[in-house]
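Since each chain comes alone in its own frame, lean on the hints to assemble the complex.
Residue numbers (this note's numbering), protein chains in the order written: chain A, 1 to 179; chain B, 1 to 466.
Heads up, a few of these hints could be off.
[Said to hold, decoys possible] Quick list of in silico lysine to any residue cross-link-like pairs, SDA-like style, CA-CA up to 25 Å:
#1 B:Lys75 <-> B:Gly437
#2 B:Lys12 <-> A:Glu177
#3 B:Lys42 <-> A:Glu177
Source of the hints: derived by calculation from the structure; they are not laboratory data.
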Amino acid sequence: MENIDTDQIIPARFLKATTRDGFGKNLFRDWRYDNDSEAKPKTDFALNNPLYSGDILVAGKNFGCGSSREHAAWAILDYGFNAVVSSFFADIFKNNALNNGVLPVTVSELFLQKIFEQGNEATLSIDVEAQTIRIDATGEQESFELNPYKKTCLLNGYDDIDFLLSRREAITKFEKESA
Amino acid sequence: MGKTLFDKIWDKHVVEKIPDGPSVLYIDQHFIHEVTSPQAFKGIEQRGIPLFRPRQTIATADHNVPTINQHLPIKDELSRMQVEQLINNCNKHGVELYGLGHPYQGIVHVIGPELGITQPGMTIVCGDSHTSTHGAFGTIAFGIGTSEVEMVFASQCVLQTKPKTMRINIDGDLQKGVVSKDIILYIIARISASGATGFFVEYAGSTIRSLSMEARMTICNMSIEMGARGGMIAPDETTFNYVKGRPFAPKGNAWDEKLAEWKELYSDTDAVFDAEININAADIPPMITYGTNPGLGIAVNGHIPVLEQIADEGEKKNIEKALQYMGLKSGASLVGMPVQHVFIGSCTNSRIEDLREVAELVKGRKKNDGVKVMIVPGSQQVAKQVHAEGLDRIFAEAGFQIRQAGCSACLGMNEDKVPAGEYCISTSNRNFEGRQGAGARTLLASPLTAAAAAITGVVTDIRELI
Ligand code: SF4
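The shape of chain B in the complex, shown without the other chains (with noise of 0.2 Å):
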């Protein structure tokens, strides 16, 4: 029987099964940001031994920096004291600071890839659940916890007991219109919120293989919004250009070795997944979800729906819940509700695709009165890039907020936030109760989708706009 991709990967980097216990699996590279390390580098010290293999972790701040003005000190005591911290204990232990300041600093989950320190066939943890992001490459990545950060300290690895494996086929063309975001946030409302835990999701077919790596990166960044422990798509040329250059890629030599070793990460055709499920690129419509989970979403121009034509009971509450928290009502249809913010930005949309797209839209056309809109990018990188393709001035003119790198209005954690009972159309992964900010009503979509809310001021279905 042949093997998955996941198995090729996770076989190479078994150091030892445990007997009715976990693997040891070794981590080729680890990253961390400021909230989820400071007490594993504490626990470190506390047993005064120093990091096993401090060259392969890298650190920046994202989750708490604020995104204007960030030259000036952090406001927020609590915030500059974790970031802070995050300084002295990576000068302390010998770990490479990505901080504020820094060119290549931005969201752990931008900068990885962008700099090509994410590479195919690696086995990458952060202390962070949208690790799944860097499965695009043909990966074995994931989210772990903060004993897991100080295991990682310890001895560069974990332990794992090995998930179940299940692959998603998406086949054919995607209507004009859809775009990487709309095809996860399709797969989680059809499987739901909880339907892949316990399982490593492989994306492949047609479609998949026809999509830019940035695009690959938003779909595997949602894998865990639908329960799953992380996402992957088995490298290819698209995957080979994107790493090639890059400042840490591998060079001459090395890179010819690499790339045939590279050239082997695929599932062989007789491999057997767990699960499988088929979807057909034709069926999936521009999306927006209308609930507290990413798992409640329709068709932009779709109903919510019916709580009376929902069998199961749990179900039913659950939606009728969300409804409340959401003001929104049952069996009504979104299109040409008002909304007041618009947020292009976080680890699943704010590379520089996604700007380009949002700019190419936006051209020459102004942003509606009644939303503020804030445009985020990932890094120093994607912010440097924006000036340079002069995509800034196009925001500017359509009355768009560009600010600087780091996670923002993603999490309520530094000052974005959007208001109590507010509308935001968000291209981010979560809409949680008080996610953006205590009461704040998040609807997530596509970079084109809030892009066209943003110049109509109601939400709108993108292919009357193009």
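Excised from the complex, chain A in its bound form (with noise of 0.2 Å):
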């Protein structure tokens, strides 16, 4: 499925919330469910298949355009996914997931119709030190682009705020000699 907008994502009717959890179960609502009820899957729709699952999230072009909202990310993260694989991310999506450790994998348009082609059982394998996704199964792979700053992040675990916090003494430095 192609240009996957964030309000279906995560519809804007779940954004009063306070806390950053709990957004999992409301991703992709409205595909999931007729009615808004989780009494009545909609049995087409892939992540009520028990064919599928992990943690690798496979989606056609322009994923997460549409709306800012960083409870997009915060709902794929919650749900269990931890990358999302695609042929072209928006930009603010692309960031945001970032932000909240999902690794939006950007391949070629070909090699995408290759995962597609595999069907159900295809399982992939991701190396983020060494930038390249791999299809299991066929052997085939390729590689993909990464900031290296952000690579840095997600081997080793942390996030934005960890690199800023472990820059508090720069920082306080910093104020103290522009004061």
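Okay, structure coming up:
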């Protein structure tokens, strides 16, 4: 599916919450359920099919367009995904995802098609260090781009805030010098 | 090569540049409100750390608050919870809060400047895109996401990639009836709602120099509506006179020292911008929008573009869809079209000067029976001034309703909404589908043009009333 906007990833009516947790159950809410009822899952939607599971979400191009709501990244992470693979990501979504430890992997259109051709049981391996993604069944692989700073963050399991916390001494020094 | 105003402030605030990454940018002043702060407070608590510099954050409640009976509990439960949580969080973490009932309460971008918290040369952030308003004082001010609010809580810094710079020069005298809102609506219509994406904009030229601080704020406020990261204006005597004597302004020796620093804040004559645009002030008419993004604007007496004449297919589709939502016709003129609502308020146009301008126009006149008119002052201080100057009597005699401070009908998050299918001339900054309520049709314009429509009941060229 292409052009998935953040209004679909997490509908606006769920934005009044005051925590970051629990957004996962409303991920793609309007595509997952009929009449907004958890008793009526739409069986043709992938997240409702037990054959599909795991921690990598694969989607068509222009993923995460529309509103800048960070809640979209929170919902994906909270649902259990650690990486999203697509052939094109909207700018703001990409940043929001990285800020929350979700890896956006941009692959070629061709590679994306190959993944889809594998069908239900395809498994993928992502090597963050080497910046490569591989289709396990065929061994085909492709490399992807990742900002070196963000890569360090992901590999060390820390985020921007941890990074900034580690710089508090330098920041304090800066404050004194510019006072 | 000389430096731009932006570079001068930016360079002074970079703690560290990460190789192949963003810069660690120090933030002098942080503002928060009830909608985008709760998750950031929670994040800090989960990490078990205190706020790094709590005294550099100031909080207010504005987005969710009702604008009548503010002394009563908020009726909408989720809104009430957000406001209550803000109170708890501020108490717990030592953040100064100007909440409901406080004499300083108001829209975050109105109170910062009027209290003298916003000062030239600062870096200012807030979890709200219209933070660009503060750029009118010669600051780097921009909106941030919730993760970044948490970054500021944790370290008083954000990670930022340096944007490109653009200068927009506006020179000459404005036509009669044309005010700063028209200038910015004209610029956005000319370069489109995404025309400044990736840029930080400096507004310059003799027209800008001649504007009051409040008029300058209106222009910087809407920078974000053309995609810019922020907008700014070099500080000058007008700026210094405005800041001087306000509650948080430096006093005595500190004032003299600061003033000397502020006088260095301008773009050097040989500074180079990544893009530059020149505009002749005399070309700017009173403006109004007809579509569903702020870039779809025309002269109030002009015509909506004729669809068949638009070459770009994407653009054509876009406008066609907007016209359908707005219930308007390609090629039509808006003059004489009835409107049902007039909203004068929001962080774009709710300051005392805006309201004085409106009062002067409506004095001794009455509103048309077909329109509901709402005036919402941007802050408690503005409201107080309105009463002190007797503007409230002028409004009351004209049949305008004057309400209490808040974001109000700028966004459909509180009780003030425009019913589906009805037209509202609004002095706010966004005309997106559903922004003022589901199905509401918003026409953005200046306070003068809005007041003119209040009197006549139809879209009116203000030049015919003055
Ligand atoms: S007045 Fe409108 S634009 Fe300004 S801060 Fe409030 S909601 Fe945002």
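Hints the structure fails to honour = Number 3 - this is the single hint that the structure violates.
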